[in-house]
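K.L.:
Chain by chain, the residues run as shown.
Number of protein chains: 2
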Amino acid sequence: KSWLGVPENSPFPIQNLPYGVFRPTPQAQPRIGVAIGQHVVDLQSLVKQGMFSSAKILDPSVLAEKTLNSFMATGRPAWQEARAILISLLVSTNSNEAQKKIVTAALVPMAKCKMELPARIGDYTDFFSSKNHATNLGCLFRHNDPAKALLPNYLHLPVGYHGRASSIVVSGTDIRRPWGQKTPQQEGAAPQFEPCSNLDFELEVAFFVGPGSQMGKPLTMANAADHIFGLVLMNDWSARDIQKWEYVPLGPFTAKNFGTTISPWVVTMEALAPFRKPVLEAFDPDPQAYLQTKDGKHFSYDVKLEVQLRPKEEKKAFVISKGNVNGLYWTFEQQLVHHTITGCNMCPGDLCGSGTISGTQPEARGSMIEISWAGQKPLSLPNGSTRKFLEDGDEVNLLGYAQGDGYMIGFGDCCGRILPALSRNDLMGHSSL
Amino acid sequence: KSWLGVPENSPFPIQNLPYGVFRPTPQAQPRIGVAIGQHVVDLQSLVKQGMFSSAKILDPSVLAEKTLNSFMATGRPAWQEARAILISLLVSTNSNEAQKKIVTAALVPMAKCKMELPARIGDYTDFFSSKNHATNLGCLFRHNDPAKALLPNYLHLPVGYHGRASSIVVSGTDIRRPWGQKTPQQEGAAPQFEPCSNLDFELEVAFFVGPGSQMGKPLTMANAADHIFGLVLMNDWSARDIQKWEYVPLGPFTAKNFGTTISPWVVTMEALAPFRKPVLEAFDPDPQAYLQTKDGKHFSYDVKLEVQLRPKEEKKAFVISKGNVNGLYWTFEQQLVHHTITGCNMCPGDLCGSGTISGTQPEARGSMIEISWAGQKPLSLPNGSTRKFLEDGDEVNLLGYAQGDGYMIGFGDCCGRILPALSRNDLMGHSSL
Ligand SMILES: [Ca+2]
Ligand SMILES: [Ca+2]
Ligand SMILES: [Mg+2]
Ligand SMILES: [Mg+2]
Ligand code: NI
Numbered sequence: 001k002s003w004l005g006v007p008e009n010s011p012f013p014i015q016n017l018p019y020g021v022f023r024p025t026p027q028a029q030p031r032i033g034v035a036i037g038q039h040v041v042d043l044q045s046l047v048k049q050g051m052f053s054s055a056k057i058l059d060p061s062v063l064a065e066k067t068l069n070s071f072m073a074t075g076r077p078a079w080q081e082a083r084a085i086l087i088s089l090l091v092s093t094n095s096n097e098a099q100k101k102i103v104t105a106a107l108v109p110m111a112k113c114k115m116e117l118p119a120r121i122g123d124y125t126d127f128f129s130s131k132n133h134a135t136n137l138g139c140l141f142r143h144n145d146p147a148k149a150l151l152p153n154y155l156h157l158p159v160g161y162h163g164r165a166s167s168i169v170v171s172g173t174d175i176r177r178p179w180g181q182k183t184p185q186q187e188g189a190a191p192q193f194e195p196c197s198n199l200d201f202e203l204e205v206a207f208f209v210g211p212g213s214q215m216g217k218p219l220t221m222a223n224a225a226d227h228i229f230g231l232v233l234m235n236d237w238s239a240r241d242i243q244k245w246e247y248v249p250l251g252p253f254t255a256k257n258f259g260t261t262i263s264p265w266v267v268t269m270e271a272l273a274p275f276r277k278p279v280l281e282a283f284d285p286d287p288q289a290y291l292q293t294k295d296g297k298h299f300s301y302d303v304k305l306e307v308q309l310r311p312k313e314e315k316k317a318f319v320i321s322k323g324n325v326n327g328l329y330w331t332f333e334q335q336l337v338h339h340t341i342t343g344c345n346m347c348p349g350d351l352c353g354s355g356t357i358s359g360t361q362p363e364a365r366g367s368m369i370e371i372s373w374a375g376q377k378p379l380s381l382p383n384g385s386t387r388k389f390l391e392d393g394d395e396v397n398l399l400g401y402a403q404g405d406g407y408m409i410g411f412g413d414c415c416g417r418i419l420p421a422l423s424r425n426d427l428m429g430h431s432s433l
Numbered sequence: 001k002s003w004l005g006v007p008e009n010s011p012f013p014i015q016n017l018p019y020g021v022f023r024p025t026p027q028a029q030p031r032i033g034v035a036i037g038q039h040v041v042d043l044q045s046l047v048k049q050g051m052f053s054s055a056k057i058l059d060p061s062v063l064a065e066k067t068l069n070s071f072m073a074t075g076r077p078a079w080q081e082a083r084a085i086l087i088s089l090l091v092s093t094n095s096n097e098a099q100k101k102i103v104t105a106a107l108v109p110m111a112k113c114k115m116e117l118p119a120r121i122g123d124y125t126d127f128f129s130s131k132n133h134a135t136n137l138g139c140l141f142r143h144n145d146p147a148k149a150l151l152p153n154y155l156h157l158p159v160g161y162h163g164r165a166s167s168i169v170v171s172g173t174d175i176r177r178p179w180g181q182k183t184p185q186q187e188g189a190a191p192q193f194e195p196c197s198n199l200d201f202e203l204e205v206a207f208f209v210g211p212g213s214q215m216g217k218p219l220t221m222a223n224a225a226d227h228i229f230g231l232v233l234m235n236d237w238s239a240r241d242i243q244k245w246e247y248v249p250l251g252p253f254t255a256k257n258f259g260t261t262i263s264p265w266v267v268t269m270e271a272l273a274p275f276r277k278p279v280l281e282a283f284d285p286d287p288q289a290y291l292q293t294k295d296g297k298h299f300s301y302d303v304k305l306e307v308q309l310r311p312k313e314e315k316k317a318f319v320i321s322k323g324n325v326n327g328l329y330w331t332f333e334q335q336l337v338h339h340t341i342t343g344c345n346m347c348p349g350d351l352c353g354s355g356t357i358s359g360t361q362p363e364a365r366g367s368m369i370e371i372s373w374a375g376q377k378p379l380s381l382p383n384g385s386t387r388k389f390l391e392d393g394d395e396v397n398l399l400g401y402a403q404g405d406g407y408m409i410g411f412g413d414c415c416g417r418i419l420p421a422l423s424r425n426d427l428m429g430h431s432s433l
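Protein sequence lines correspond, in order, to chains D and H. For what it's worth, this note's numbering labels the leading residue of the first sequence as 1, then goes sequentially. For what it's worth, this note's numbering labels the leading residue of the second sequence as 1, then goes sequentially.
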């Protein structure tokens, strides 16, 4: 228990201590903070007051920077040391009055903070690691038979693609409905150029890369976990009609690069350790040797997920999907090792998305295209409206939490609202934007 | 003509003045330079000596930074001003003795310089804009009939994919032959996990993005050219056997992210202006309105390209392909506008590759898979050896130049050498790397 008052059911109890980058006022320089209850602890301030001077491995100056990249680069022993120091400062029995004073002076009410991206994301990759999702999309995009929906490589490697790092935004950023080309209505006709009408969300989590690797020196299953700093929620907004037309043969491009939202608080793997659970589904066939662990055991995390949709006219959001990270087929370690297997270098602050997380049940589908089965079965909302895909003004929020004994490890919001598409004139630059 | 001695046939005459980032000694901090003849002009030194103080639009301090990103961000009027000042300093008739002394003091012999990447590349995208290449690959990967080889979207939009920015390296960096999974020999069998045996190069050019765009505000054909800073040569090393297995449905991933080589000198669009030429092939069908210019005219660049292969045992390289940038179907402006059409933000220093440049003739094929027709027609080298794909020790160098009247605008080297694959033990981390 912390001497700081933490409300019951707070996503940010003393057991969590997620890292983020915030501005205490909109004009202030960004700095690193730790969330606890309804406050953010300004780490720059703690560093200046010598609160980390007992550290032996950690260079405290990395916590006084404007992004988490350098801290992510320091590696697990330094992460553990920082966490131990924070816990000792915040737990009632450990901290002395002088320290409490310093910590109290470093507190900023969370409601006042403007959150930023936690790191400079040099590269962003999105995997496709939910077998249920891959099966659903295979049915919808290619083959309406679940037994044939997976492509031949799916069970042999964690399929993934390079995404657009610049378009990753922090929770709360509005998303403009995109224009784009769509499949012609008849073969050989011109494609339609219109605002996206199949705008979708994707319920994902993503991990931030820690120290990373050198080019030409792949990570291994034995050391991969040491390169995973922590998790955020991620909404990979997707323009399905645009995606369908453009994605052959080189994969999704403009259908995915208009915005990807992440939650601002990075929940560390240390905080999630109590929720590490064996993967739900056994690998079949066996993974290749480089994706295999010594003891054949593979772990995921029991993190419950929720998608909330709030239509423009509503004050309250409706829960439209409930999932769990634990349902992923490929583990984070396998994703990371496979990413580097040909020699790709990974850098501190790189972000790797899990792919849309869908469960086996219809209630656990992680995207509108799955929920409405490509519009064939519109979703009925409690307010009487229906959805095939997202409408203008809709706000989507992702929630995630691991339920501990008397506490929960929460992720905070990962939300975004759909703005209407630009007019054709604005789009084509005929009026001033 | 410059008062500095520039050897005849130098790729870097006074008409060129490409920008790069170099270290005068291996230990020195990187700085921005301009290539002229056999020298690099240290711009940090010129800025310190006030040589850019007459600039009205340009903030000279951007030329004293460690990368070109800030200079790229300043936009065309500032680029033109910087070029005009450099020309006035370097042209015999213009510069006075005091200036000559300062410039002379800022010269570093090119042979002594260690070149770095010209910019922090936040995001890297690779297009697929050579119709000849797309047709050849369609034949080889899918459909052995050129008339059916192009996928339905190809003639409607510049197909592209997000690449891996971290694995872009500067000319001269060795490339390790990657390991990876390959298509099983029989359907249903396990994929093979081996060193790549179909290792390839891809002859490309790439442009660096200038000021760029905000999320949600697409660039237009009217303003796109102002966001293109300059060109480099690019070799997008590719593991064809790995690519073939992994690329469905989300595109190339580990088959491309083990290394992409660029030439260090960024040749500006100002230097290339005299070589701007109408595209070779008329668009058919007409491009969509957002990819159309006001007057219906579209331009490429008459830049001759060459691929040189030097086997390990040879001192001299053999020319194995001759192409031209002018053969691209989609223009750089169309690539850039399409990239942003759904709202993707572009940042200064982003890199966009053209895709492999192949001509209509067999001599102008820009990759080994095309030259050897996937190994069916091995290439005979003048020394009696043959190549289906690249072998260990092979060095590939790309050359590019625009031929002016009595001068040429060259790009310098874009080379890399193939190192043998790691042993299985090293790969799996069983011995210390
Ligand atoms: Ca996704
Ligand atoms: Ca390429
Ligand atoms: Mg996205
Ligand atoms: Mg590459
Ligand atoms: Ni990037």
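These are calculated hints, taken from the structure and not from any lab test. Just so you know, these numbers come straight off a predicted model, no measurement behind them. Fair warning: there could be bad hints in the mix.
Copies of one chain are not kept apart here, so a pair can be met inside one copy or by any two copies together.
As the list claims (entries may be wrong) - No farther apart than 25 Å at their CA atoms in a straight line, the calculated lysine to any residue pairs in the SDA-like style are these:
(1) LYS217 - PHE193
(2) LYS131 - LEU381
(3) LYS182 - GLY138
(4) LYS388 - ALA98
(5) LYS297 - TYR401
(6) LYS315 - GLU194
(7) LYS182 - MET215
(8) LYS48 - GLY138
K.L.:
Between the shortest in-copy and the shortest cross-copy C-alpha distance, which are at most 25 Å for LYS315 and GLU194: within, between, both, or neither?
P.N.:
Neither. Shortest intra-copy (30 Å) and inter-copy (57 Å) distances fail the 25 Å Cα cut-off.
K.L.:
When no copy is specified for LYS217 and PHE193, does a C-alpha distance of 25 Å or less occur within a copy, between copies, both, or neither?
P.N.:
Classified as between: cross-chain Cα gap 16 Å, same-chain 44 Å, threshold 25 Å.
K.L.:
Given identical chains, is LYS48 near GLY138, meaning Cα to Cα at most 25 Å, within a copy, between copies, both, or neither?
P.N.:
neither (54 Å within a copy, 60 Å between copies)
K.L.:
How do LYS131 and LEU381 come out at 25 Å by Cα distance, when the copy is not named: within, between, both, or neither?
P.N.:
neither (27 Å within a copy, 47 Å between copies)
K.L.:
With 25 Å as the alpha-carbon cut-off, assign the pair LYS388 and ALA98 to within, between, both or neither.
P.N.:
For LYS388 and ALA98, neither the intra-copy (57 Å) nor the inter-copy (72 Å) Cα distance is at most 25 Å.
K.L.:
Given identical chains, is LYS182 near GLY138, meaning Cα to Cα at most 25 Å, within a copy, between copies, both, or neither?
P.N.:
both (19 Å within a copy, 22 Å between copies)
K.L.:
At 25 Å max between alpha carbons, let me know whether LYS297 reaches TYR401 within a copy, between copies, both or neither.
P.N.:
For LYS297 and TYR401, the Cα distance is within 25 Å only inside one copy (24 Å; across copies 56 Å).
K.L.:
How do LYS182 and MET215 come out at 25 Å by Cα distance, when the copy is not named: within, between, both, or neither?
P.N.:
between (38 Å within a copy, 21 Å between copies)
The structure does not agree with the numbered hints 2, 4, 6, 8 stated previously, though it agrees with the rest.
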